[in-house]
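Trainee: For reference, the chains in residue letters:
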Amino acid sequence: AQKITQTQPGMFVQEKEAVTLDCTYDTSDPSYGLFWYKQPSSGEMIFLIYQGSYDQQNATEGRYSLNFQKARKSANLVISASQLGDSAMYFCAMRPGYSTLTFGKGTMLLVSP
Amino acid sequence: EPEVTQTPSHQVTQMGQEVILRCVPISNHLYFYWYRQILGQKVEFLVSFYNNEISEKSEIFDDQFSVERPDGSNFTLKIRSTKLEDSAMYFCASRAGTRGETQYFGPGTRLLVL
Chain A
1 AQKITQTQPG
11 MFVQEKEAVT
21 LDCTYDTSDP
31 SYGLFWYKQP
41 SSGEMIFLIY
51 QGSYDQQNAT
61 EGRYSLNFQK
71 ARKSANLVIS
81 ASQLGDSAMY
91 FCAMRPGYST
101 LTFGKGTMLL
111 VSP
Chain B
1 EPEVTQTPSH
11 QVTQMGQEVI
21 LRCVPISNHL
31 YFYWYRQILG
41 QKVEFLVSFY
51 NNEISEKSEI
61 FDDQFSVERP
71 DGSNFTLKIR
81 STKLEDSAMY
91 FCASRAGTRG
101 ETQYFGPGTR
111 LLVL
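Here the protein sequences line up with chains A and B, keeping their order. The opening position of the first sequence corresponds to residue 1 in this note's numbering, with each subsequent residue numbered one higher. The opening position of the second sequence corresponds to residue 1 in this note's numbering, with each subsequent residue numbered one higher.
Please note that the accuracy of each hint is not assured.
[As the list claims (entries may be wrong)] The list that follows gives simulated cross-link-like pairs (lysine-lysine, BS3-like), each with its CA atoms no further than 30 Å apart: (1) B/K42 x A/K70; (2) B/K57 x B/K42; (3) B/K57 x B/K78; (4) B/K78 x A/K73; (5) A/K3 x B/K42; (6) B/K42 x B/K78; (7) A/K70 x A/K3; (8) B/K57 x A/K16; (9) A/K70 x B/K83; (10) A/K70 x A/K16; (11) B/K83 x B/K57; (12) B/K83 x A/K73; (13) B/K83 x A/K3; (14) B/K78 x A/K70; (15) B/K83 x B/K42; (16) A/K73 x A/K16; (17) B/K78 x A/K16; (18) A/K70 x B/K57; (19) A/K16 x B/K42; (20) A/K3 x A/K105; (21) A/K73 x B/K57; (22) A/K70 x A/K105; (23) A/K16 x B/K83; (24) A/K105 x A/K16; (25) A/K73 x A/K3; (26) A/K73 x A/K105.
[As the list claims (entries may be wrong)] Pulled from the structure, derived: some chain B residues nowhere near chain A, Cβ distances all over 12 Å: (27) Q6; (28) E68; (29) L84; (30) E101.
Since the hints were made in silico from the structure, they are not lab data. All of these numbers come straight from a predicted model, not from anything done at the bench. Built from N, CA and C at the ideal position, the CB exists for glycine as well.
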């Protein structure tokens, strides 16, 4: 069975600092994808970043990077230079094989001035 | 930039009524999905749709639910007889397929069953 664990219910960070949101996963499928989505208070789900299980390098998208440690089955999201607009719920998700997405419970990030 | 759209943004209905949630996926995408998120909880998979048929469904997707692609653009989720516990945010998502890995989500429909 597939499982995504996000152990941090909430995180606080000051503006302009970096923050790491933790995500661990479990799957027996050798091919899988890992995703992070952002959900602001308005409710929509915004795709941030994707990492394939066979990708050799960690994914980066602007201020977002994914710290992929395959042996530890972790896929932490790093947000550099936090902004007030980064305050939101962040979900880690996994897609084993070509199946559907399994989501974690999310981490609420609050960025303070 | 192409995006997934959903209508309505909010829907209030009485228990036992039928509701239809509508989605317009990104135009060249081949795979379509419905997810739901009960308030304060994680996003849960309902159903995936490809080539005009259901490819996968979860335990949540029982006989009260159905999906349809009535034309070349719309993708609908019907709940035949709504229950209080169907109150949730419903997200439609689409994926390009072939080399497209990412599922892009619509803005969601907030369904409230009274």
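Trainee: Would you list, in rising numerical order, the hints stated earlier that this structure does not obey?
Mentor: Hints 4, 8, 9, 12, 14, 17, 23, 27, 30 are the ones this structure does not satisfy, whereas the remaining hints hold.
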